[in-house]
Amino acid sequence: MMPEESVVSKVEELMETLDHIKKYNALANSLKNFGIIIASFFVTFFVLRGLVDFLDLSSRLDKPVFFSVLFLLLLVPIAGITTGILTVRKKVNSVKTGEWKRELSNGFPSALKILMDLDWDKTFDEISLGRLSYFLYGLLKTTVYWAVTFFALGSVGAAFTFLFPHGSPFFGGFFAAFLALLIVFVFLRKDLLRRYLEMRSLDMLLWELWWFSLELRRTEFQT
Amino acid sequence: MNSGEQSSKPDLYVIARIIKALKEKDKMNKTALATSTGLAYDKLVKYLAWMTERGFIKVDENGLVVLTKEGIEAYDDLVHWIMKYVGQLKFPRLRLRT
Numbered sequence: 026m027m028p029e030e031s032v033v034s035k036v037e038e039l040m041e042t043l044d045h046i047k048k049y050n051a052l053a054n055s056l057k058n059f060g061i062i063i064a065s066f067f068v069t070f071f072v073l074r075g076l077v078d079f080l081d082l083s084s085r086l087d088k089p090v091f092f093s094v095l096f097l098l099l100l101v102p103i104a105g106i107t108t109g110i111l112t113v114r115k116k117v118n119s120v121k122t123g124e125w126k127r128e129l130s131n132g133f134p135s136a137l138k139i140l141m142d143l144d145w146d147k148t149f150d151e152i153s154l155g156r157l158s159y160f161l162y163g164l165l166k167t168t169v170y171w172a173v174t175f176f177a178l179g180s181v182g183a184a185f186t187f188l189f190p191h192g193s194p195f196f197g198g199f200f201a202a203f204l205a206l207l208i209v210f211v212f213l214r215k216d217l218l219r220r221y222l223e224m225r226s227l228d229m230l231l232w233e234l235w236w237f238s239l240e241l242r243r244t245e246f247q248t
Numbered sequence: 010m011n012s013g014e015q016s017s018k019p020d021l022y023v024i025a026r027i028i029k030a031l032k033e034k035d036k037m038n039k040t041a042l043a044t045s046t047g048l049a050y051d052k053l054v055k056y057l058a059w060m061t062e063r064g065f066i067k068v069d070e071n072g073l074v075v076l077t078k079e080g081i082e083a084y085d086d087l088v089h090w091i092m093k094y095v096g097q098l099k100f101p102r103l104r105l106r107t
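Top line first, the protein sequences correspond to chains A and B.
In terms of the numbering used here, the first sequence is numbered consecutively and its last residue is 248.
In terms of the numbering used here, the second sequence is numbered consecutively and its last residue is 107.
Heads up, a few of these hints could be off.
[What the hints assert, rightly or not] In the BS3-like style, the derived pairs of lysine-lysine whose C-alpha atoms are separated by at most 25 angstroms in a straight line are: (1) Lys147(A) x Lys126(A); (2) Lys93(B) x Lys126(A); (3) Lys18(B) x Lys138(A); (4) Lys147(A) x Lys93(B); (5) Lys138(A) x Lys126(A); (6) Lys99(B) x Lys126(A); (7) Lys55(B) x Lys18(B); (8) Lys147(A) x Lys99(B); (9) Lys78(B) x Lys93(B).
Note that these hints are calculated values from the structure, not bench results.
Since this is a predicted model, take the numbers as computed values, not measurements.
Turn these sequences into a full structure, and let the hints guide you.
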């Protein structure tokens with residue numbers, strides 16, 4: 026590959042990476058909406074659970090029907106998670122990418138222009154914000170999964186106690202919380218590992234670009 | 010390079026465009042060069058004057074702009090200088106998970 030083509034190819038890689046960063050920032054921007062959606066669905070869930078207790082449905086309904094109602098209620102936070110994730114995904118997918126491709130098709134001079142015109146400080150801020158938001162999003166999502174699992178275990182516990190009234194009270198609060206944590210960890214371990222690696226990649230990218238921008242600014246080409 | 014400021018720092022992008030166009034067409038008249046590079050004629054003339062001073066180009070007896078050996082070397086130096094830095098960049102494979 027000719028040196029000119031190599032430069033263009035490297036700048037193309039750089040711009041594709043920066044397009045990815047735009048997606049992280051879209052996630053950062055939709056984090057608030059994600060939180061609101063999750064919170065509103067959970068509030069609805071708690072209100073409905075409160076209503077079940079207030080109306081004393083446990084004694085009014087047949088036990089199988091009552092437990093079915095409890096399990097059906099879990100669909101509310103599950104719908105919240107689904108809606109939240111879809112909202113974030115829509116926002117992330119709507120990010121415009123590749124706007125630089127036309128410019129870069131003009132070859133080396135355009136690659137040079139793109140490099141010279143890059144706002145490095147803004148890029149670093151965007152990477153840092155994207156990284157933080159990605160971490161917060163992962164944390165929030167894991168917490169929500171844990172909460173749903175916890176309430177599901179609570180409902181299973183209630184059914185278990187009904188079926189085996191003299192059985193051990195294994196589904197107490199702390200046990201259910203711990204078991205839910207364990208289940209979520211087992212199910213999400215690959216996802217969590219990938220997120221961790223992704224965040225490390227963003228760290229590496231930050232350092233690479235920081236070094237590059239420093240070299241670019243420090244050295245002045247002498248014609 | 011601003012108007013009336015011959016000694017100010019030139020835009021490397023513009024110089025690269027001019028040299029690239031000359032490398033592709035060998036020799037060109039100023040109007041064709043302005044069209045090819047997308048530069049305003051008066052701006053091109055100022056750049057050509059700056060480049061002539063440094064021996065990157067010369068204007069032959071027919072008024073055609075010709076790239077010199079020094080001009081080719083300067084362009085290659087610029088490419089290698091950029092490649093020296095950008096070539097060392099390693100980009101991680103990012104896959105955002107929602």
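Cross-check of the supplied hints:
no. : hint                  : result
1   : Lys147(A) x Lys126(A) : 21 angstroms, holds
2   : Lys93(B) x Lys126(A)  : 23 angstroms, holds
3   : Lys18(B) x Lys138(A)  : 15 angstroms, holds
4   : Lys147(A) x Lys93(B)  : 24 angstroms, holds
5   : Lys138(A) x Lys126(A) : 13 angstroms, holds
6   : Lys99(B) x Lys126(A)  : 20 angstroms, holds
7   : Lys55(B) x Lys18(B)   : 12 angstroms, holds
8   : Lys147(A) x Lys99(B)  : 20 angstroms, holds
9   : Lys78(B) x Lys93(B)   : 22 angstroms, holds
Taken one by one, the earlier hints all hold for this structure without exception.
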